[in-house]
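Asker: What follows is each chain in one-letter form.
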Amino acid sequence: MRVLFLHPNFPAQFRHLAPTLAADPANEVVFATTRRDGPELDGVVRARYQASRQSHPDIHPYVRTAERAVLAGQAVLRTADDLRRQGFRPDVVVAHSGWGPAVFVKELFPACRMLTYLEWWFRPGEANLGYLPDEGFDDDDALRNRTNNVQFLLDLAETDWVLTPTRFQADQVPAIFRRRLSVCHDGVDTTWFTPTSPADGGPTPPGGLSVGSLRLPPGREIVTFATRCLEPYRGFPQFMRAAGELLARRPQLEVVVAGRDDVAYGTPLPPGDTWPERMRRELSEAGVDLSRLHLVGPLPYGQYRALLRASTVHTYLTVPFVLSWSMLEAMSTGCAIVGSDTEPVRELIVDGHNGLLADFFDHRAFAARIEELLDDPAKRAALGAEARRTIVNGYDLGDQLGHQIDLIGRLARGELDDC
Amino acid sequence: MRILFLHDNFPGQFRDLAPALAKAGHEVVFGTSEPNGELPRVRKAYFGRRREPSRQLHRYLVDLERAVLSGQGAYRMAKRLEAEGFVPDVVYGHSGWGSTLYMKDAFPDAKLICYFDWYYRPRGANGDFFPQWPMNADRGCFFRARNATSLLDLAHCDWGVVTTEWQLSQYPRDALGKLSLLHDGIDTGFWRPEADGRRARYVHRGLDLGAPELVTYGTRGMDPYRGFDVFLRAVELLHRRRPQLVAAVAGDDRIPYGSKPPEGSSWKEYMLGQLDLDRSRIHFLGAVPKLAMRQLLRAGHAHVYFSAPFIPSWSLFEAMSTGALVVGSRTAPCEELITDGHNGLLSDFFDHVELADRIEEAIERQAELAPLRETARATIDDERFALRSVLARQIRLIDDVRRGAGPTEIEASVADRVRATARDEGLAELSGPQRVAPHPA
Numbered sequence: 001m002r003v004l005f006l007h008p009n010f011p012a013q014f015r016h017l018a019p020t021l022a023a024d025p026a027n028e029v030v031f032a033t034t035r036r037d038g039p040e041l042d043g044v045v046r047a048r049y050q051a052s053r054q055s056h057p058d059i060h061p062y063v064r065t066a067e068r069a070v071l072a073g074q075a076v077l078r079t080a081d082d083l084r085r086q087g088f089r090p091d092v093v094v095a096h097s098g099w100g101p102a103v104f105v106k107e108l109f110p111a112c113r114m115l116t117y118l119e120w121w122f123r124p125g126e127a128n129l130g131y132l133p134d135e136g137f138d139d140d141d142a143l144r145n146r147t148n149n150v151q152f153l154l155d156l157a158e159t160d161w162v163l164t165p166t167r168f169q170a171d172q173v174p175a176i177f178r179r180r181l182s183v184c185h186d187g188v189d190t191t192w193f194t195p196t197s198p199a200d201g202g203p204t205p206p207g208g209l210s211v212g213s214l215r216l217p218p219g220r221e222i223v224t225f226a227t228r229c230l231e232p233y234r235g236f237p238q239f240m241r242a243a244g245e246l247l248a249r250r251p252q253l254e255v256v257v258a259g260r261d262d263v264a265y266g267t268p269l270p271p272g273d274t275w276p277e278r279m280r281r282e283l284s285e286a287g288v289d290l291s292r293l294h295l296v297g298p299l300p301y302g303q304y305r306a307l308l309r310a311s312t313v314h315t316y317l318t319v320p321f322v323l324s325w326s327m328l329e330a331m332s333t334g335c336a337i338v339g340s341d342t343e344p345v346r347e348l349i350v351d352g353h354n355g356l357l358a359d360f361f362d363h364r365a366f367a368a369r370i371e372e373l374l375d376d377p378a379k380r381a382a383l384g385a386e387a388r389r390t391i392v393n394g395y396d397l398g399d400q401l402g403h404q405i406d407l408i409g410r411l412a413r414g415e416l417d418d419c
Numbered sequence: 001m002r003i004l005f006l007h008d009n010f011p012g013q014f015r016d017l018a019p020a021l022a023k024a025g026h027e028v029v030f031g032t033s034e035p036n037g038e039l040p041r042v043r044k045a046y047f048g049r050r051r052e053p054s055r056q057l058h059r060y061l062v063d064l065e066r067a068v069l070s071g072q073g074a075y076r077m078a079k080r081l082e083a084e085g086f087v088p089d090v091v092y093g094h095s096g097w098g099s100t101l102y103m104k105d106a107f108p109d110a111k112l113i114c115y116f117d118w119y120y121r122p123r124g125a126n127g128d129f130f131p132q133w134p135m136n137a138d139r140g141c142f143f144r145a146r147n148a149t150s151l152l153d154l155a156h157c158d159w160g161v162v163t164t165e166w167q168l169s170q171y172p173r174d175a176l177g178k179l180s181l182l183h184d185g186i187d188t189g190f191w192r193p194e195a196d197g198r199r200a201r202y203v204h205r206g207l208d209l210g211a212p213e214l215v216t217y218g219t220r221g222m223d224p225y226r227g228f229d230v231f232l233r234a235v236e237l238l239h240r241r242r243p244q245l246v247a248a249v250a251g252d253d254r255i256p257y258g259s260k261p262p263e264g265s266s267w268k269e270y271m272l273g274q275l276d277l278d279r280s281r282i283h284f285l286g287a288v289p290k291l292a293m294r295q296l297l298r299a300g301h302a303h304v305y306f307s308a309p310f311i312p313s314w315s316l317f318e319a320m321s322t323g324a325l326v327v328g329s330r331t332a333p334c335e336e337l338i339t340d341g342h343n344g345l346l347s348d349f350f351d352h353v354e355l356a357d358r359i360e361e362a363i364e365r366q367a368e369l370a371p372l373r374e375t376a377r378a379t380i381d382d383e384r385f386a387l388r389s390v391l392a393r394q395i396r397l398i399d400d401v402r403r404g405a406g407p408t409e410i411e412a413s414v415a416d417r418v419r420a421t422a423r424d425e426g427l428a429e430l431s432g433p434q435r436v437a438p439h440p441a
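Read top to bottom, the protein sequences are chains U and B. Our numbering applies: residue 1 is where the first sequence begins, and numbers increase by one. Our numbering applies: residue 1 is where the second sequence begins, and numbers increase by one.
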């Protein structure tokens with residue numbers, strides 16, 4: 001079977017899928033991306049595509065996304081044409097939908113089957129759009145976001161099957177496109193994201209915690225927060241306010257925050273301003289002792305896991321949007337989690353069963369639920385064990401890869417053509 | 001009920017439906033860019049574009065930007081209507097030029113029904129039909145991108161309407177889940193043969209076509225999409241073969257679809273320059289009013305309607321309804337209505353010699369082929385196309401959508417053609433514990 005992966009980033013969600021397919025000698029795997037960097041993936045041939053130009057700043061802002069998709073789609077055709085000349089014709093194209101790489105791929109390979117990895121669909125006034133009151137969401141935002149669905153639609157019109165990582169993401173897709181849709185998560189490596197050891201019940205590892213320049217001695221209670229970017233979409237301001245309350249109440253408490261001071265989603269800040277700076281200022285003005293608040297920046301995977309293992313209570317917040325891998329990684333590591341009571345989190349966490357939930361906007365409720373766990377080691381252990389079980393049973397990398405490869409195989413054999 | 005119709009060209013496909021609803025006591029507003037025309041009890045509202053598409057935009061997306069600009073205009077119009085106290089229960093709009101794009105934002109509680117004309121396929125329809133305009137990767141991508149506006153409407157509307165099987169067959173299979181197949185209706189009471197079955201005589205604007213052999217042709221414009229060039233070539237042959245044969249062409253000298261001729265900007269001028277026609281026996285009538293058009297159809301010994309694999313014209317339906325002996329092209333839009341030898345004759349789209357032969361056949365076998373005229377009339381004068389039944393069904397459809405009926409319950413729905421979901425196909429075996437499964441609609 002010949003498989004062509006398309007993703008502007010590399011290797012992104014196909015980090016495990018591409019090399020696992022390539023490990024089978026019966027398969028030939030090419031990965032076309034805009035990126036030059038990134039790891040070598042065993043057996044995976046890299047190809048590169050690049051848009052011939054950028055969008056002109058004068059075009060209508062509502063069609064900028066569509067134009068970017070069309071330019072990416074054309075760039076992929078040029079790359080794919082080279083591949084075709086070299087004799088590579090994919091049986092299946094697995095493409096991330098959103099930046100447009102796959103919109104024209106069937107023009108070149110009419111016989112291939114296309115699997116669309118769909119992360120999101122815009123619903124003005126629902127889910128993420130308009131959720132944060134401070135962001136503001138006006139008529140212009142609504143119309144622009146609605147038009148932005150073009151990038152997904154050009155794929156959906158041609159694709160043979162759609163994959164979304166969670167049910168919540170699938171729920172966003174218009175009903176007519178859900179007939180040929182499967183929910184299958186990218187998966188978490190549950191053999192790597194493990195609790196320290198079953199015997200280790202202490203709040204921090206025997207040797208203490210060492211991440212970045214931070215050294216914490218053993219015996220501290222540690223509240224953790226870790227996302228790619230420290231931003232309102234992931235509830236960073238509310239978390240900091242909750243942390244401020246807890247730091248004032250609990251002299252033994254250390255708060256460790258991992259992530260970049262950048263905004264990946266929603267409204268960017270003016271240059272020079274960052275959410276960590278804003279929140280430190282706010283807490284400092286409220287008289288909170290910041291010496292026990294540690295912003296350690298983005299962490300390499302090993303240190304990130306060490307942080308999760310050392311966590312007494314882990315927190316994860318998100319607006320109703322794409323769920324972060326980090327929440328599943330924390331669950332796999334057996335963290336006791338307080339999550340935001342929002343749809344993507346509720347899909348995995350049942351309050352009181354494998355974590356606790358609190359209102360996204362209510363930082364006092366968050367502080368109270370974190371404290372509830374800080375004071376109850378038995379409950380922490382029970383919730384953490386159940387959280388890990390959730391991931392091992394339903395989101396394990398090996399299992400999920402098996403499902404995805406099975407799906408790709410069925411597509412290649414034409415078994416899903418009549419669905 | 002309050003209903004808002006949207007169509008750039010007033011009244012378009014809603015010319016009968018809008019006044020019928022108004023007459024039934026519903027409050028009807030019609031949003032359009034066309035200042036001319038009125039319909040009884042229907043209030044007009046206007047929208048327009050603030051500017052035209054920018055020159056810096058990718059050429060595949062010029063249609064989309066124009067649609068976005070129209071959509072914004074229609075959105076502003078909707079906000080004005082709202083400020084005046086008009087909030088519709090249903091918006092029923094022609095899709096493709098953008099006016100419908102943002103109606104779910106303007107009126108979130110209203111149901112949006114879109115009338116879909118055409119979905120562009122690079123192959124198997126109009127895209128690769130003409131040998132002189134070959135399909136290639138560039139045009140193929142352009143065709144795909146041209147669907148952007150239709151796809152946005154398909155995704156966001158509550159329901160859609162398509163008028164013929166042929167048009168329906170172009171849409172992505174997922175679209176069937178929210179489409180009805182229902183024509184906008186032909187006024188078969190008006191478009192009917194002469195009461196006593198006699199041949200009429202076309203007399204209009206001082207022209208008296210009392211010809212012993214009259215061949216008629218008439219669509220909106222004159223272009224290869226409707227076989228205009230092939231028809232004129234056939235006439236050239238027939239002028240030589242039959243000294244009494246007269247041809248009459250109704251319609252404007254313009255190009256609604258397709259490309260310009262190799263020289264000049266008029267297919268009429270170009271073809272007249274190419275051919276040796278007896279100008280005393282071919283009449284270009286210009287746009288012919290309804291009543292005179294009916295006379296023309298009643299007067300002809302044969303009526304030629306050709307179409308590339310594209311949207312069929314109203315004129316085909318009207319000609320058949322009037323009992324004309326139609327010589328159609330052997331292409332999907334004609335073949336859906338005409339069965340050769342049953343309710344008309346068919347001829348190869350590109351073969352003017354065959355067309356001339358078939359026209360001759362029609363003329364020579366007038367009496368013998370008379371039953372074809374009756375069958376043609378019966379084809380249109382039935383519940384699929386006759387206005388009186390179609391109007392009732394359109395109104396039922398609107399009401400079904402308004403009250404939130406299920407996809408298969410809506411009038412003329414084709415949702416039951418969507419195959420059983422993959423779940424019933426045993427996809428469960430591919431799934432893990434409930435994780436890889438088709439997502440319920």
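Do not rely on the hints blindly, as some may be mistaken.
Unchecked claim - Per the computed footprint, the stretches of chain B lying under chain U, defined by three or more beta-carbons under 8 Å from a beta-carbon of chain U, are:
| # | region |
| --- | --- |
| 1 | 33-39 |
| 2 | 51-58 |
| 3 | 63-74 |
| 4 | 327-338 |
Said to hold, decoys possible - Calculated cross-link-like contacts (lysine to aspartate or glutamate; reagent style DMTMM-like; alpha-carbon spacing at most 25 Å):
| # | chain 1 | residue 1 | chain 2 | residue 2 |
| --- | --- | --- | --- | --- |
| 5 | U | Lys379 | U | Asp341 |
| 6 | B | Lys79 | U | Glu126 |
| 7 | B | Lys79 | U | Asp341 |
| 8 | B | Lys290 | B | Asp357 |
| 9 | B | Lys79 | U | Glu135 |
In case anyone wonders, no lab produced these hints; they're calculated from the structure. Computed from a predicted model, the values in this text were never measured in an experiment. The beta-carbon is built from N, C-alpha and C at its ideal position, and this holds for glycine as well.
Asker: Hint by hint, say whether it matches the structure.
Answerer: Hint check:
1. Coverage of the region 33-39 of chain B by chain U is violated. Counting CB-CB distances below 8 Å, 0 residues qualify, and the rule asks for three or more.
2. Three residues within the 8 Å Cβ limit are the bar, and the region 51-58 of chain B against chain U gives 5, so the coverage statement holds.
3. As drawn, the region 63-74 of chain B meets chain U at 6 residues by the rule of a beta-carbon pair under 8 Å; at three or more, the given contact holds.
4. Coverage of the region 327-338 of chain B by chain U is violated [criterion: at least 3 residues with CB-CB distance below 8 Å; count 0].
5. Proposed proximity of U:Lys379 and U:Asp341 is supported: the alpha carbons are some 19 Å apart, at most 25 Å.
6. For the proposed pair B:Lys79 and U:Glu126, the alpha carbon gap of about 21 Å is at most 25 Å, so the pair holds.
7. At roughly 35 Å between alpha-carbon atoms, B:Lys79 and U:Asp341 are farther apart than 25 Å, so this suggested pair is violated.
8. Between B:Lys290 and B:Asp357 the alpha-carbon distance is near 30 Å, which puts this suggested pair outside the 25 Å criterion.
9. At most 25 Å may separate the alpha-carbon atoms for a hinted pair to count; B:Lys79 and U:Glu135 meet this at roughly 23 Å.
Of the hints listed earlier, those the structure fails to meet are numbers 1, 4, 7, 8, in rising order.
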